[in-house]
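Colleague: Chain by chain, the residues run as shown.
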Amino acid sequence: MSSVQIRDVRKSFGNFEVLHGVTIPIEDGQFVVLVGPSGCGKSTLLRMLAGLENITSGTISIGDRVVNNVQPKERDIAMVFQNYALYPHMTVADNMGFSLKLRNASADEINKRVKRAAEILALSPLLDRYPRQLSGGQRQRVAMGRAIVRDPQVFLFDEPLSNLDAKLRVAMRTEIKELHQRLKTTTVYVTHDQIEAMTMADKIVVMHDGIVEQMGTPLELYDKPDNQFVAGFIGSPAMNFLKGHVRVNGVATFEGPNGVKLPLKTAPTASDGRPAVYGVRPEHFTIADDGAEAEIIVVEPTGSETQVFAKLGGEQVVAVFRERHQFNPGDKVRLKPDPSLVHLFDDATGKRMNA
Amino acid sequence: MADVAIPRAKPQMSEDNAWTRLKHNRNWLGFWFMVPAMAFLIFFLAYPLGLGIWLSFTDTRIGRVGHFIATENYEWLWDDSIFWLSVFNTLLYTFIASAFKFAIGLYLALLLNEHMPFKAMLRAMVLIPFIVPTVLSALAFWWIFDSQFSIISWSLRHLGLISQNINFLGDTTWARICVIFANVWRGVPFVAITLLAGLQTVSPSLYEAATLDGATRWQNFRYITYPLLTPIIAVVMTFSVLFTFTDFQLIWAMTRGGPVNATHLMATLSYQRAIIAGQLGEGAAISSAMIPFLLAAIMVSWFGLQRRKWQQGESND
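Protein sequence lines, in the order shown, are assigned to chains A and B.
Every number in this note's numbering is 15 more than the matching position in the first sequence, counting from 1.
Every number in this note's numbering is 76 more than the matching position in the second sequence, counting from 1.
These aren't lab readings, by the way, just hints derived from the structure by calculation.
It cannot be assumed that every hint is accurate.
What the hints assert, rightly or not - The list that follows gives simulated cross-link-like pairs (lysine to aspartate or glutamate, DMTMM-like), each with its CA atoms no further than 25 Å apart:
| # | chain 1 | residue 1 | chain 2 | residue 2 |
| --- | --- | --- | --- | --- |
| 1 | A | K116 | B | E284 |
| 2 | A | K88 | B | E284 |
| 3 | A | K326 | A | E308 |
| 4 | B | K195 | A | E68 |
| 5 | A | K366 | A | E235 |
| 6 | A | K351 | A | D241 |
| 7 | A | K88 | B | D156 |
Every value quoted in this text rests on a predicted model; they were computed, and no experiment measured them.
With these hints in hand, go ahead and build the complete structure from the sequences.
Modeller: Below, the structure is given as structure tokens:
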């Protein structure tokens with residue numbers, strides 16, 4: 016196990032720069048998730064860490080060693096691929112033992128380590144099967160087994176769950192997290208799914224267009240997104256954004272679309288009349304007499320909660336209630352955002368304005 | 077909704093004319109779809125093959141209907157040293173040419189699978205020997221190996237390496253080398269392009285995974301590429317062996333089996349005896365004698381081609 020330092024790393028393909036100076040410190044034993052929409056450079060960064068892509072500039076170090084010019088096999092990392100990349104002509108045991116075989120480990124040693132990894136992942140009864148004879152979840156576990164057997168300094172996961180169905184994905188999520196708690200190996204995990212990021216990470220790195228938008232613990236990102244991109248990316252359903260102006264005359268309020276008045280706890284200094292974006296998470300709406308009037312469009316109950324789509328000041332917003340309200344499309348309700356939980360972003364830069 | 081079920085019972089009740097049967101009975105329709113293919117196979121494959129085998133049991137000559145003489149042709153051939161020489165030549169020719177075609181074809185396929193400049197153009201160029209008509213390329217080789225005007229002899233002479241022309245097609249050993257060389261030249265593109273197609277089905281992430289597992293380039297080939305390519309190697313080499321074994325054009329255009337029958341293959345000898353000398357029965361017997369060898373080659377590939385264990389099981393990807 017060891018720490019990983021990514022310092023001002025850039026990557027260009029020809030004249031096209033895809034990573035514009037990325038710095039990410041990763042502590043020993045941490046589970047770090049790189050998350051972002053496709054094309055944000057997260058997979059490229061992971062492949063650079065693995066040594067499958069060259070580093071255009073900047074440094075990557077694993078432990079105390081700068082690995083820019085170290086061959087992949089000498090970096091002591093193991094990677095789980097999106098399509099698992101299992102060797103189709105080898106049994107599960109051979110797949111898992113392949114790296115040890117290449118290292119000229121003794122048959123006993125290989126056998127012992129494969130068996131131990133198989134036990135950890137409940138693969139023992141499948142050791143003689145070929146990848147074709149396995150289900151998606153089993154293949155996924157073999158891919159992880161192949162990584163575990165090597166006992167590397169760092170695990171790299173490249174969207175490992177995106178080929179699984181929804182139910183299995185949730186189960187494997189827990190399994191991977193449990194595995195990390197047990198092995199405590201430094202892990203870098205790439206995904207485009209913010210729920211995976213939120214549920215698994217010690218630290219989330221949100222990337223967008225080749226830069227790091229924000230890093231922090233899942234709840235830091237949820238509670239205090241640095242900018243509108245992170246605010247919209249983290250959380251499901253996504254945060255509602257309403258454009259308008261800050262008004263400070265006695266009480267701070269936000270004047271939204273079509274003059275709708277929304278509450279603010281405090282206004283940022285010297286912000287009267289400034290154009291801004293008001294952000295409120297669906298779960299931070301309540302029904303209150305002093306709320307803003309909204310017309311209900313669609314009601315989607317999921318059992319544990321109900322998602323309500325409504326028009327607020329002419330804009331569509333979504334609210335989530337745990338209580339069971341009797342709503343019908345066309346009803347008028349008064350929605351009130353919790354002023355202590357709303358977010359305010361600069362209209363031009365998208366940066367967070369309130370503390 | 078209720079009347080959807082009604083038409084189901086109809087086909088059985090319908091009057092039994094051919095047209096309605098064609099419309100409703102899938103097997104009957106399927107049979108008619110197969111008729112053209114069957115007719116083609118029977119008239120152009122099964123019938124000539126059967127006729128050839130029948131001819132080999134007769135003393136038919138050109139211009140004279142033959143009589144059934146049982147295995148007399150074969151008994152003659154058994155004691156014919158030229159026939160046995162042609163068998164030896166055919167086996168030698170097939171074995172050496174196929175081995176070279178495999179080695180060079182695999183090498184070229186691996187090379188063309190790499191990233192390199194002008195890749196598309198190089199791939200197209202590799203196919204050239206394959207698209208030139210065999211007789212034309214044989215004629216070209218005939219000149220290249222000519223005893224007087226050979227460009228090879230000329231070049232070597234001007235380099236001062238030899239003092240007189242090499243008698244390429246006049247010397248038994250050289251003649252064999254030359255025809256094998258020409259056959260390899262012609263056969264390599266087929267092997268190379270087919271193996272290249274096979275190589276491109278191997279997912280690049282397997283190589284990446286193996287590289288991270290610590291495999292060198294050679295180990296990548298040894299443990300990933302080669303095992304994954306074996307099914308395609310089996311197919312392509314079966315075809316290559318069959319084509320080489322039955323080769324006729326190249327030999328006939330270059331050497332006509334000479335010198336002193338050193339390059340006579342079973343196919344060329346059969347042609348010489350049957351068409352040139354007019355002994356159709358004997359020629360047919362030589363041709364038919366190729367069948368056991370070809371069957372053996374097919375059996376080898378049949379067992380080689382059987383799905384390997386790792387290919388079995390349902391594919392759910």
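Colleague: Determine for every hint whether it applies to the structure shown.
Modeller: So, going through the hints one by one against the coordinates:
At roughly 17 Å between alpha-carbon atoms, K116 (chain A) and E284 (chain B) fall within 25 Å of each other, so this suggested pair holds. Proximity of K88 (chain A) to E284 (chain B) is assessed by CA-CA distance (about 10 Å); at most 25 Å being required, the pair is judged to hold. Distance check on the hinted pair: K326 (chain A) and E308 (chain A) sit about 9 Å apart at the alpha-carbon level, within 25 Å; holds. A threshold of 25 Å between alpha carbons decides the hint, and for K195 (chain B) with E68 (chain A) the separation of about 22 Å falls inside it, so the pair holds.
Distance check on the hinted pair: K366 (chain A) and E235 (chain A) sit about 16 Å apart at the alpha-carbon level, within 25 Å; holds. Our distance criterion of 25 Å between C-alpha atoms is met by K351 (chain A) and D241 (chain A), whose separation comes to about 24 Å. In summary, the hint linking K88 (chain A) to D156 (chain B) is not supported, as the alpha carbons are separated by about 63 Å, beyond the 25 Å threshold.
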